[in-house]
Amino acid sequence: MLKIRVIPTLLWKDFGLVKGVSFDSWRRVGPVLPAIRVYNSRDVDELILVDIAASLEGNPPDHDSVSDFSEECAVPFTVGGGITNLEQIVALLHAGADKVAINTTAYSNPNLIETAANRFGAQCVVVSIDAKRYADGRYSCYSHAATIDTAKMPVEWAKEMAARGAGEILLTSIDRDGTMLGYDLELVEQVANAVDIPVIASGGAGSYDHMIEVVKNAGASAVAAASIFHFTEQTPTGAKNAMQAAGIPVRRNFVSSAAK
Amino acid sequence: MKIAIVNYGMGNLGSVRRAFEDIGAEVCVANHPAAIYDANRIVLPGVGAFTEGMKCLANAGWAPALHEVVIQQGKPLLGICLGMQMLATTGHEGGETKGLGFIPGRVQRLDVIGCKLRIPHVGWNDVNYLKDDVLFDGIPDHSDFYFVHSYAFVPENQEHLIANTSYDCDVAATIRNGNVFGCQFHPEKSSKAGRLLLKNFMDYVPC
Chain A
1 MLKIRVIPTL LWKDFGLVKG VSFDSWRRVG PVLPAIRVYN SRDVDELILV
51 DIAASLEGNP PDHDSVSDFS EECAVPFTVG GGITNLEQIV ALLHAGADKV
101 AINTTAYSNP NLIETAANRF GAQCVVVSID AKRYADGRYS CYSHAATIDT
151 AKMPVEWAKE MAARGAGEIL LTSIDRDGTM LGYDLELVEQ VANAVDIPVI
201 ASGGAGSYDH MIEVVKNAGA SAVAAASIFH FTEQTPTGAK NAMQAAGIPV
251 RRNFVSSAAK
Chain B
1 MKIAIVNYGM GNLGSVRRAF EDIGAEVCVA NHPAAIYDAN RIVLPGVGAF
51 TEGMKCLANA GWAPALHEVV IQQGKPLLGI CLGMQMLATT GHEGGETKGL
101 GFIPGRVQRL DVIGCKLRIP HVGWNDVNYL KDDVLFDGIP DHSDFYFVHS
151 YAFVPENQEH LIANTSYDCD VAATIRNGNV FGCQFHPEKS SKAGRLLLKN
201 FMDYVPC
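Here the protein sequences line up with chains A and B, keeping their order. Per the numbering used here, the first sequence starts with residue 1, numbered consecutively. Per the numbering used here, the second sequence starts with residue 1, numbered consecutively.
Excised from the complex, chain B in its bound form (with noise of 0.2 Å):
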């Protein structure tokens, strides 16, 4: 089974690169749109701003390769943290941003959704399900996962949304739609819990 990471220019590439390896996926690390094509899913990582991101994403031409791959092609795909944040219709960082729009909903500033704590959002937080999913397969209700972001995802429709975490107020912490998945947590980085996680991934089958 083989991963492509889209390396558009920000993220911890190295720390998803090697947690994919340790989970023992075939890992291509795609430096341009066309190595996207022969995998057989796809994250998009992620540590940074949306605007910076969304212009990185369209100045190499990666939106419309994600467009056919994941959305017409229906292959899998993974987005982590900031990666996950751009599958938003649009974000809110320093104005409106459009994003890629897998996932209907916005990006917000953790303040302006009602969070009064420190922000960035920094350390392990339990994430607490709304539904069962393939992604949490043997991975126990509440379970501590790595966050660090000052941005959440807030989903237009609640559908969408997979699981929780709360950091004085509700923050998405997984969505789904269809084959689209978000991780506003890094399971890069959340040591057994995230290699499970990236493990039900790599596992999951699309209908």
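So that you can see chain A by itself, here it is in the shape it has in the complex (with noise of 0.2 Å):
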């Protein structure tokens, strides 16, 4: 059986890894390697790692220091923040990464997500989506790391980049990014219900029960988290336990049974 995967998100600005509140008030969580190499030995599901200032400032991705990080990674490991052609994707490829996150170059050059997952196949394509809720309770699209409103609506843009070949979204709540309130579950219902790519819930984590809502009741393929691994005990491999009690099947870390 397929399990729910816990996936750590690792923001990386400049020289190192920070963790902010709605996108803003960045903080400093400490250096990138030693938190890959701690999350590996601890046999985490996956790990996402995104250059939160590469589509501001208008940065290529960095693939040496992608190179360097990739090393410390025998799990699963998507890069993402910058990524605006072909050649990139392929030099991230060769740096380590499994697969790519991309989300501004996304909404002004849509065609790169079917062009990408005609070369790299779809299950190399992550679409990252920002998602912000109005007052009214509609919800819209940002780009440029959550800074400008692309004025699309999550469920239409998810169902558009599912059909150009986007493998998986990673659907980030810019509301609850970073509070600890907990995922934003209308917003996760809606988009997993649109497409048939499985979506990583994102933003908002505080509790494994937040991971396990976000599951049973919204329809997560995997939950994504920061802070609550950065800022507090909670660690994936209880949130594994956590989701494992409540019924939800988790991947198990491996013993051999060699004798070896």
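Honestly, the hints are just simulated from the structure, not real lab data. Errors might be hidden in some of the hints.
Said to hold, decoys possible - Straight-line Cα separation of at most 25 Å, BS3-like style, residue types lysine-lysine; simulated pairs:
1) K131/B to K75/B
2) K131/B to K216/A
3) K199/B to K2/B
4) K216/A to K159/A
5) K199/B to K75/B
6) K116/B to K159/A
As the list claims (entries may be wrong) - If you anchor each label on the Cβ, the simulated ranges turn out as follows:
7) K116/B to R252/A: 40 to 48 Å
8) K216/A to V134/B: 34 to 42 Å
9) I148/A to G94/B: 31 to 39 Å
10) E68/B to I148/A: 50 to 58 Å
11) Q158/B to H144/A: 51 to 59 Å
12) N217/A to G74/B: 33 to 41 Å
13) C169/B to S207/A: 30 to 38 Å
14) R252/A to E156/B: 29 to 37 Å
15) R109/B to G16/A: 38 to 46 Å
16) A60/B to E87/A: 42 to 50 Å
17) R109/B to R138/A: 33 to 41 Å
18) K55/B to G16/A: 41 to 49 Å
19) Q158/B to G16/A: 30 to 38 Å
20) D203/B to N217/A: 29 to 37 Å
Backbone N, C-alpha and C fix where the C-beta goes; we use that ideal spot for every residue, glycine too.
Mind assembling these two chains? They're in different frames, but the hints should get you there.
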């Protein structure tokens, strides 16, 4: 049976990891490499690394750094931030990324999703959607690290991205990001119901119960989280234990049967 | 023990190289077919589309070189994900494309073979053994491996099927025809279980 994944999200800016609240008020949380090393040694299901400054500042992906980071990562490694063309994706895959996450460029050049999916396969292309809820309850997608309102509705945009060949949607609630108040269940449910590709819920996890409810009640295929792992005692393993106790299939850490 | 990674322009080359280096193998990234002749083991990695993959293999003359080294000389080959799928006779992705034909079978989209769940099949899923194999030495039955694919290998001959995974329907997880092995999952991204499998592949001595 396919397992529900618990994915630590690493937000990378300049020389270290940061974490903000609603894509603002960034706090430094430490260097990147040791964090990847620790998550890898604890055998997490997957890691997502996003260079949050790249699109804002117009920088291309830093594949040299990605190469160093991936050296420490024996689990699936998704890299995002600043990707604008196919050559950069090739370079990232060669540097050790397994999947790429594309956000801002998907709005200005949705063809990139198609050409990337045709070339590298849908499974390699994660479309990242940052959504904000208006006072009237409608949602809108934002680009450039949540600074520009694209006026696209997440449901419609997710459908279009899936039709163009996206393999997964990384769906982040801008309002919930960093608040640890829980995922935006309505947002996740709307998008997960609208597409047939897996949806990774992101933004707002503050407890294991939040993860359980977004899987059980909103249909998430995976849960991504940052603050909860950076700023509390809670861990990906703890999350999986709690999820398992709640009847959600999770991956158990590997124990060899060999007497070697 | 030297392993050549076939670099045909597609695939998560970096991850595959890292994984083999990790287990102590001497790794050579083969950018040209000539580079696979002096290796002891060959790995055909892959993420991507069948048609595109076969096109890349055909363009650079990989297919005849692989045939010579793997089929005639009998060097062990491990195909991963798309690399496994390209071992098939035919792929059915936007029309029919001829594969390498190392293991008889066809590659079809998951929904065509009966899967009604979300596609692609992404994440950790348990691998269930249908028979004992050297590839799984020291790895308990039902261990989780990382999958990410939309198409599946349907072997013509059940004998070639080593292990399945279940995603609404049975999906070939590992296949083998003599010295030719294929994994639908990504051992290079399957943490400790994956490292052990790669080590088993390196340690395997063909009769």
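*asked:* Tell me the hint numbers this structure goes against, listed in increasing order.
replied: 2, 7, 12, 16, 19 and 20
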